[in-house]
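Listed below are the residues making up each chain.
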Amino acid sequence: MSSVQCSARPGELIEYTRAAGDVIWQLRAALVTFDAAIEDYLFASGGLVLGWVRELLYRDPIWNALVELDEVSSWVGHVGWAFAMAGGGSISSTDVITTTNLAVGSWLDPIEWKPADHVRSGQAGDWLRAFNPLCRGYRTGSGYRGSGFIEGPDGRLYPLLAPFVTRDGEEYHADDRLAPGEPSVLDLDGSDAGWTTVWETMGVERWREAPGLWERFMLGVGNTVAGRPNGSTESDVEKLVLQSGAAPYFGFVSDRSSTESTPPQYIVPKAPDFAPPGQPDTMYPGNNAPAAAGSGTAMLIEGIGGALMADLGSFDAYDVMFQQNAAGDTRALYKRVYVGFDDAGEPYADSVWVTGPENNDHVLINYAP
Amino acid sequence: MSFALGWEGQTAIEAVHACDRLAPKLLELVEQHAHAAEVARPDWAGPHRDTFEDRYANVQQALLAGVCWVVQVRHDAATRLAQLTAEAEETARLLLTTGPR
Chain P
1 MSSVQCSARP
11 GELIEYTRAA
21 GDVIWQLRAA
31 LVTFDAAIED
41 YLFASGGLVL
51 GWVRELLYRD
61 PIWNALVELD
71 EVSSWVGHVG
81 WAFAMAGGGS
91 ISSTDVITTT
101 NLAVGSWLDP
111 IEWKPADHVR
121 SGQAGDWLRA
131 FNPLCRGYRT
141 GSGYRGSGFI
151 EGPDGRLYPL
161 LAPFVTRDGE
171 EYHADDRLAP
181 GEPSVLDLDG
191 SDAGWTTVWE
201 TMGVERWREA
211 PGLWERFMLG
221 VGNTVAGRPN
231 GSTESDVEKL
241 VLQSGAAPYF
251 GFVSDRSSTE
261 STPPQYIVPK
271 APDFAPPGQP
281 DTMYPGNNAP
291 AAAGSGTAML
301 IEGIGGALMA
311 DLGSFDAYDV
321 MFQQNAAGDT
331 RALYKRVYVG
341 FDDAGEPYAD
351 SVWVTGPENN
361 DHVLINYAP
Chain A
1001 MSFALGWEGQ
1011 TAIEAVHACD
1021 RLAPKLLELV
1031 EQHAHAAEVA
1041 RPDWAGPHRD
1051 TFEDRYANVQ
1061 QALLAGVCWV
1071 VQVRHDAATR
1081 LAQLTAEAEE
1091 TARLLLTTGP
1101 R
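These protein sequence lines map, in sequence, to chains P and A.
Here the numbering used here is used: the first residue of the first sequence is 1, the next is one more, and so on.
Here the numbering used here is used: the first residue of the second sequence is 1001, the next is one more, and so on.
Hints in this document: simulated from the structure, not taken from any laboratory.
We put the beta carbon where it would ideally sit given N, CA and C, even for glycine.
Among the hints, a few may not be true.
Claimed, not checked - Between beta-carbon pairs, the in silico distance windows are:
no. : chain 1 : residue 1 : chain 2 : residue 2 : range
1   : P       : Ile-91    : A       : Pro-1047  : 17 to 25 Å
2   : P       : Val-241   : A       : Glu-1031  : 46 to 54 Å
3   : A       : Asn-1058  : P       : Gly-46    : 27 to 35 Å
4   : P       : Asp-95    : A       : Leu-1064  : 31 to 39 Å
Using the sequences provided together with the hints, build the complete structure.
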């Protein structure tokens, strides 16, 4: 999908919807009266049995035109609203808004746009040129981390970043329910203020591509080892409640069993490709134990059994904010939330800022109280 | 309304009248919709405008096709009404010729 310039007056599109609504109302009233007369005639001219049949078979084709008109009218109103949102204007405004079809499309059908599909790496130094953290209120203990970009629905590249501030010796990366007037982590406690959110989107996404057969088989081995899908399933993250400027919380009780069956003895955990956030030193006995090599049969069983569960844990909840300041600089804050389970089977949420396309381009978020 | 035409004749008359009301109404609404579209068009450019023009043309075409369909329905009802009228006149003529038994 390419980015194309487009323009409209939102208020005029809404006005069309109003005028078309009047046409629809008149047409509907006219058709009801007309159909009643025609159905009476068909019934009378066909006799008792044939009349009923003719009446039942009667289809007034003008209703199709009315339905289409109704849909066009609603759609134009929706487009008007999308233009207003994309241009940051009012829905009743008759000023011309010029933007891109992608920006409008993102408001018309935002479900199609998933942030994980749009993270880019960029050339060396691109991120620093696009968003130099040294020029943005950097001081010891506060600043931005990042390396990559995200391509917004408007087709522009926004530098991804993770802010951090240090308060009383502790590093924080995001706010949790900021009160009015309180310093915000996102603007480095006021030293890089003036950012406004031009678009924000939240939802659930698959953060990695669906694996191939072999990859799925190997994932299956890993999943059988772990006893349940690695990472967050779609249903896990759908229970999360995301709010802008707040830490996520669970809206529903997890339906996972807190007493999961113990894996068989020959299955021992192996290290995943990337250590869990904040747990780089976790030991995995499967990496050293000779038994981990296992027999081919055991691995096959694990692979087939686990393949059914493989890839279920590839989901996260996301919240992406596209921001701009008065100087026209842009940035994006891409938060992902994964669901984990503690030893008691209780769910917990891990939030990270995504700063680039690699799996370790993450900054684990410590929410400021 | 002629009671000599019977119930079918009366409904046929009503059907013809309904067609006579709907056809010009449809043309009026086609015009009204065209006027509404003119309000939306100034400074509207891009792929959404193109989509709108396609859908707008479909709606207008469907409404005009509706006018043709109504004319056809009117023709059928009017033809049947003419038959019923002829039958009623024939019956009346026979009654006048032979007289009541």
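Has the hinted range 31 to 39 Å been met by the Cβ atoms of Asp-95 (chain P) and Leu-1064 (chain A)? 35 Å, holds
Should the hint that Val-241 (chain P) and Glu-1031 (chain A) are 46 to 54 Å apart at their CB atoms be regarded as holding? 51 Å, holds
Confirm or reject the claim that Ile-91 (chain P) and Pro-1047 (chain A) have a C-beta distance inside 17 to 25 Å. 21 Å, holds
Given a hinted range of 27 to 35 Å, is it respected by the beta-carbon distance of Asn-1058 (chain A) and Gly-46 (chain P)? 33 Å, holds
This entry satisfies every hint, going by the numbered hints stated previously.
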